[in-house]
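Number of protein chains: 2
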Amino acid sequence: MSREQFLEQLISTLGADVAQRGAEVPQRFWTDWSGTPPVQPLALVRPRSTEDVSALLRLCSQHRVAVVPQGGLTGLAGAAVPAQDAVAVSLERMNAIEEVNAQTGLMQVQAGVTLQTVQETAVNAGMVFGVDLGARGSCQIGGNVSTNAGGNGVLQHGMMRDQVLGLEVVLADGSVLPMLRPMIKNNTGYDLKQFFIGAEGTLGIVTRVLLRLRPAPQATATTLVAMPDFDSALAVLKRMQSRFGNSVAAYELMWDSFVQASMSWLKLSAPFAERHPLLALINIDGKDEAQLQSEMQEVLEQAMEAGEVLDAIVAQSVAQAQTLWKLREAPAELNNHMHPAINFDVSLPQADIGRFAEACEAAFTARWPGKHSLYFGHVGDGNLHVSVDGKTVNGECDAVEAELYGLVAAFKGSVSAEHGIGLHKKPYLYASRTPQELAAMRAIKLALDPLSLMNPGKVF
Amino acid sequence: MSREQFLEQLISTLGADVAQRGAEVPQRFWTDWSGTPPVQPLALVRPRSTEDVSALLRLCSQHRVAVVPQGGLTGLAGAAVPAQDAVAVSLERMNAIEEVNAQTGLMQVQAGVTLQTVQETAVNAGMVFGVDLGARGSCQIGGNVSTNAGGNGVLQHGMMRDQVLGLEVVLADGSVLPMLRPMIKNNTGYDLKQFFIGAEGTLGIVTRVLLRLRPAPQATATTLVAMPDFDSALAVLKRMQSRFGNSVAAYELMWDSFVQASMSWLKLSAPFAERHPLLALINIDGKDEAQLQSEMQEVLEQAMEAGEVLDAIVAQSVAQAQTLWKLREAPAELNNHMHPAINFDVSLPQADIGRFAEACEAAFTARWPGKHSLYFGHVGDGNLHVSVDGKTVNGECDAVEAELYGLVAAFKGSVSAEHGIGLHKKPYLYASRTPQELAAMRAIKLALDPLSLMNPGKVF
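Line order of the protein sequences matches chains C and U. The opening residue of the first sequence carries number 651 in our numbering; numbering runs sequentially from there. The opening residue of the second sequence carries number 651 in our numbering; numbering runs sequentially from there.
Among the hints, erroneous ones may be present.
Put simply, identical chains are the same to the list, so a pair is met inside one copy or across any two.
[Unchecked claim] Calculated cross-link-like contacts (lysine to aspartate or glutamate; reagent style EDC-like; alpha-carbon spacing at most 20 Å): (1) 976 x 961; (2) 937 x 948; (3) 1062 x 841; (4) 1076 x 841; (5) 1062 x 749.
No wet-lab data here; the hints were simulated from the structure.
All chains, full assembly: derive it from the sequences and hints.
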């Protein structure tokens, strides 16, 4: 059957409203936030139901046509970028909140709902959702599941995997796995849903998600802390955790280069009179805001006496806390200002993050004189982000990657903490996993997708 | 090659110290705590290293001989019971603690170390380990991983899955997967280790485990609370959680039948002057014991005024807390007193647990006049245990199971919350999962164990 005949059958099966030919596909579906060159897919399907997804995958399976699942297209590794001979499947129309139950702490949603809608729905029900990240307004829950998203809440609530109680997934042959039982404990055979979390759409399409919500904190205190060096930042984190335990809800570190970029791009005024090597944004949850602020102040004063803290602002209102957190929003602007940005998302042994950042900066400066790179991250869980200005390194993306990933290997880190492998990190997957591990991954891939039609060319 | 030739090769490859013929295998390896009739295996192998395990599996793979992995043999579903034509592999000699690091909160161990040793090692390092269960002195970490163990700490720290940061696993063909990277965040391809957690030894043998430790609470307060009915128990749980959040470390509910059995078997004196329908053991973690006790007292007084609490004891010392917790230790004695016990481990929607227990008792009494069953469980996470006296139901185990699992289905629960499927719950796996889910599980099983040599006949 020709491609043309396949397209005709696709449209007649799903309807012209759901399925479009490549030439009619809006450009916004051609690429994602990773900066990958746009590709016009063979067709775009925007299903309205699990049945639509199942019918699509059955048809593609019969005709050996590949499928690229798409969420909010905010990924930074290129996992959702279309292929010319593949059908792109956007979940954006499957965006219903199907159930919210504050009593049981559960929310069931379709995969195409945005993270922000999930967060707001949880708050309206008197709970909170455990994952938060900059792309919240655009990224979709199905994409968060497929990439095992991280973000600002991992320290307290874990990764996306830890928020998922159930999944509905459509396999490559169109069969539906209804793994949506609302049980915290359910040891009946393999925990199949785990296989699809973080699989980047290579094993099936996530169509529904049963999420765990967390109790809303009665109060949150926020502080922005200036520190002289990375060891001080770790010391302050330990002080906070030993005082507040698991109530330390966020500990986001920003190197000065990042803070300066953020102020310039987002037109923010300087938080402190002086510039400091490192700033940390810290949220602590608790019962009483005034008491939290006073306890936080106490810890900060001790840290200041120990020379770990140079200056600090404790937010006195929700509005002030939001203003402080604006400083952390620069990553959404990276591609507008960094020509384009070469982005990294690495995991490192926590104690080594400071030395790693210094080593990167030294390596970049030695090769490309001048300032090029921003450093920021979720230091509480060992995750550092690095963004390099593509122009100032003469667009030598491969050389920048080789420098940085060489250092990741030397520091025994991981090349992807939370963004995934997608297209962009495939060469480094082979450096991060043993041949035996890769063989096991491939065996599982073939078991669930024997024709290799699900997001081919991604991850592997 | 004959069985005899295989045995000779096995012994010559691994040494007579590591491999023994069936006739020489001590009876303690013939069955587990599930009450399954003992089976003498073809041979017993007690490896001293991952290399031993790998050599064994290569040999078994070459000769198409099945393998049954064994931990502490405390399982209640029969997953570690040998088969006549299979080699039993006990991990008991691989019991080293390889690394403990309080700074990073990590502990690396060999799979055969007991849970209790892990717990004590964590405490000695100033941390705690998140999983606790009655068999702690005998059960092994590898078995805890393979069954995704639950227990008393799930409310606060999650299941075993949530404590595992890395695994080393030997696959059926002898290849070793070294998934021990000490990274909280590591999205590089499929999170392979997830596939082996809860797989009950059907996908490979766990040889090493990298565990996350939790910060030790500075203080813990314990109370034993008497309540008139299940709805009151839920109301008290909500009161405690809304006051203490995630610091509610345990909430173990015991119906009076269980409490009476516990007092009689363990020769304990009655905690209260009167008998009450339900008792809850509650642990709350915090910073200051006296303050915790006074806050706990305050919550209990409010609950008493609301009629939810009939009586309560707040432990005034660690020794008194330990005495109160003795009441919960009866399950280790079940098989000595219940001729034998028919044990259940079900998950239910939390709000329905009380009605479910009543419905079970009514169904049992209607069919077998008299009292037969004990009810207890980790109510905070929806998990109820039921034990039925085998003698008083005339040993009609199948009929008891049919009654109870019928009710589980009617209440939309799960037939195994934490014990797993093993041998005993296989008929009910098929009622708990759809044919599509079972097909996906089988595909994964075949992908990783194409000759079906790993713990055959278990789970599926």
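Starting from the hint list further up, note which numbers the structure goes against and sort them upward. Hint check: nothing fails, all pass.
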